[in-house]
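Trainee: Here's the letter readout for the chains.
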Amino acid sequence: MSRGWLVRLKALLRREAIEAEFDEELRYHLDREVERNVARGMTPEEARRAARRAVGDPTRLKEEARATWRWRWLDEVLQDLRYAGRSLRRSPGFTAVAVLSLGFGIGATTTVFSVIDALDFRPLPFQDASRLVWVTETPSKKVQGCVVCDYAGMSPATAAEVFGRTRSYAGFAVEGRSTRIFQLRTGNTVESPSVSFASPGFFRFLGVRPLLGRAFVPEDTLSGAPPVALLGYAFWQSRFGGDPGVIGRRLDYFDDFGDSKMATVTIVGVLPEGFRFNDVGGRPALWVPYSRQEAGRHARSWLFTDVARLRPGVTRAAADAELTALGAHLATSNPDEYDGWSFAVRPLRERFGVDAGRGRSTLFWISALVLLVAILNVAGLFLARTDARAGELAARSALGASRVRLVRLLLVEGIALGLLGGACGALLTVAGVHAANPWFRMAEFGLPIRLDGRILAFVGGVSVLVGVLTVVLPAIRTLRSDLAARLGGLAARTTSRGGARAGRGARLLSSVQIAGALVLVTGAGLLGSDFLSVRYVDLGFDPSGVQEALLIAGTEERSSPQEWQGLVERVRDGAARVAGVSGAALEDWAIEDVRTDRGYAIAASNRSPSVTSVDPSYFATLRIPIVAGRGFTSADRAGTTLVAIVNEAAAARFWPGRSALGRRVFVGDSASGAWLTVVGVTAGDAESLRRPGHLPVVYRPLAQVSAVGSLVTLYVRPAKGHAGALPAVQAVVRRVLGRPAFWQSLDGFFSSILARERDNALALNLFAAFALLLAAMGVYGNVAYGVSRRRREIGIRMALGARREGVLALMVRGGMRMLAGGVLLGFGGALMFRRVLRAFMSSTSFRATDLANPWLFAGSVVVLVLVVLVATWLPARRATRVDPVIALRSE
Amino acid sequence: MGGKKIDLLQGTLDLIVLKMLRAGPANGWQLTQSIQVVSEGAFEVNYGSIYPALRRLEDRGWVKGRWATTESNRRARFYELTPAGRKQLTAERERWERFLHAFGLILEAD
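Top to bottom, those sequences are chains A and B. Anchor point for the first sequence: position 597 equals 597 in this note's numbering, and the numbering is continuous, going up by one each time. Anchor point for the second sequence: position 29 equals 29 in this note's numbering, and the numbering is continuous, going up by one each time.
Errors might be hidden in some of the hints.
[Claimed, not checked] Pairwise CB distance ranges, derived in the manner of DEER restraints:
#: 1; chain 1: A; residue 1: 123; chain 2: B; residue 2: 98; range: 34 to 42 Å
#: 2; chain 1: A; residue 1: 368; chain 2: B; residue 2: 80; range: 40 to 48 Å
#: 3; chain 1: A; residue 1: 96; chain 2: B; residue 2: 83; range: 52 to 60 Å
#: 4; chain 1: B; residue 1: 84; chain 2: A; residue 2: 45; range: 43 to 51 Å
[Unchecked claim] Over 10 Å on every C-beta distance to chain B, these chain A residues come out as not near it, computed from the model:
#: 5; residue: 26
#: 6; residue: 29
#: 7; residue: 32
#: 8; residue: 235
[Unchecked claim] Anything over 10 Å on all C-beta distances counts as not near chain B; from chain A, calculated:
#: 9; residue: 55
#: 10; residue: 56
#: 11; residue: 77
#: 12; residue: 318
#: 13; residue: 416
#: 14; residue: 419
#: 15; residue: 724
#: 16; residue: 870
Hint data in this document are derived by calculation from the structure and do not stem from the laboratory. Remember, it's a predicted structure, so these values are computed and weren't measured experimentally. A virtual CB, placed ideally from N, CA and C, is assigned to each residue, including glycine.
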């Protein structure tokens, strides 16, 4: 077998040598034949003639011998390929445009495909990853703009209920971002490395081994056990220079909770470089064991991820059904806690792909549309080219090429183009994957987006398919027409009727192209504006640019709350006076019991509402709009009527269907609490950054609170263009407090997500712009070609005395008719696409903003009108300038 | 050489060539001559069928061609059986004999 292969391959590669050998072999045979004839007594002349007769036609014989090679078809394909290469080289403009169009289309599709591959198909880098699930608790009603909802996990209190009462899981582990503030201080700088919790078995559960030292053990969580921590790889590198002797070293930190004193942890291990789990708000620098106490402290925090492993034989759907039933039960037995919350068992990978996941199917369809536009481009160009080559094809046909052979010729040319486009696309994919990695955070979870054999195979497959698709129309035309018609067509195609008929396919293509581009532009624009709208519209306040400092009372300041309050007010006033600061405000957040004059009561341990004391400048500084009543003023101070402002969520919950103004809420326990009168309602609240959904919030004036807490937040909003005011503010804080504070930007936690939203919007708009460009190129080519093909007709019209303006108008009218068809088609398509998008987006917390749409659509139409105008005008004007006699004679 | 010429049955030329080559390497010319002689002139394999047949057999790996010098000191392409060709010969031969047997049964049946 292998020998046969070799022979054939050799035959293919050394064709000339083999032919020569064959000739020699035949010559030998012929010579012997002649010798024999001479031996039989013929004259040499006769002998030679007889031998020739016996042997027959040597050329035919050679053909027959060659036909026995089973690879003959490949030989012919190689011939076709050589021919295709020559013909593509002859028209470099066509080739360049086609290859670039296809390259971009294919590159876009495969880039998106590799993203989807990383998001959906490659297994997560954890042990037994296919059975890992993520158990979540989210508000049942989707909250618009609730970025945190997508990241919400389950609170420890709920987790205790869930894993205590279900049977679907073989085990679970908990990871969570700490809301505690660990402050490491060196000199004038305060570092607050992000800290994550991990249940003792967490790392073993995922099959992750520490690079150095050990992972947590259950003993680490016993009360009285020495506090321990694991270092994240990056933190180990940046702060300890990758020192292997770091194990056993002690780290002093400031613990804001409970005792507010310096505490110490011992480093017991370093996590491997590739390990990623949860990096919302920055990669964790330290991991500490998740103990029962910590669970209690964070009983109501949602920033926990509960990873469970399904028991063998249990499907995710079954686990989900069990959990949903449990949720329904909890909602009736404990409505304050669980009413309005939904539980779900989701694939663990959703935990990592949430932000990318939302756009990916849209991205896929958009890239597929880009590819479609590219294919239409090339198909249009190809069709035009085939028409232009009708003469050549007819000649080949007349010389005996079968119709199938002609189609094969086209096919080989198309596939060659496709493969060239594919090569170009592969290069673009490499660049695209490079660019996509930072956008999609899969790399941060050990699943970098990358090219592999499957994706290259995908590129190859798409290229061939594209090659075939582009020649479908020309091939059909070639198959349908017979030789006579084609030869006749040589003349007919330049006349009006023939031209119109031949142009119908091209016009249809252009219309579809225009429609595709319009759908693409509107779809991408729609999505892009949606991504952008997330930022300001829905949070209920504007965190952009705001910096927050956590002011923590020291030991002696704690003993004198009045003095501490004076101190933080001086800090605020000092900060507000700094040039370039447009607002400074204080907030003291607390968890307190709340009840209302309607008898509605919630204990402090429940998840809502939060009570927070703020100063009058708070709402303006954070740009929280007051929708009813008034904000706080300096008149709201100790000794005057105790007042409160509630957010809309609280108003709706406490006094459904009524105005909240003038109503009363009781805050605090019965000993120290007080009745407050509601004087205002806000539209949003800053809490939506930290908690899922808009939950009830009650604000009270800081001046009416008897004692300010030991942890006060200072918000500073720099005026536009004065972001540089921050160092001066920091200096004020240092001077007044006598120590530095830890600063962070208020939207820092989500700014990366929001930035990614903007990047997504940008990417989509780039896609759309490119699609429009591609479509414009294709439409221009098609239309201009269509007009130039009617040169002869134009010549006749001019010869018969038509005015140039009349002819130009005729051509432009034709172009506009085609454009109108495309625009109508595109309008319908865009409407449909929008409906699909909207259905898709209603399943997430985002909404489709329609605002920018009509303008985008109209703008794209204007661009296309200009393109068609130029594409008809220029060639038509050129045609009318040509002497009619020359125009008629051309061809 | 007195017998009347008969046409070769479809598909038998390969078997004939393989059988002839079992005796040792031969070139195309020699093969045509020996087939004629051995079949007592009944089979005349011409030039137009022997070379395509040889190509086909070589293509399948049953024979192998090699350039060598003849007794008259001329270069000619000699073919020899490969081990695979030997196996093929046995198989073809059995098949042919089964065919002959069955054919005989049919012709002799009343």
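Trainee: List in ascending order the numbers of the hints, as given earlier, that are violated by the structure.
Mentor: 1, 2, 5, 6, 7, 9, 10
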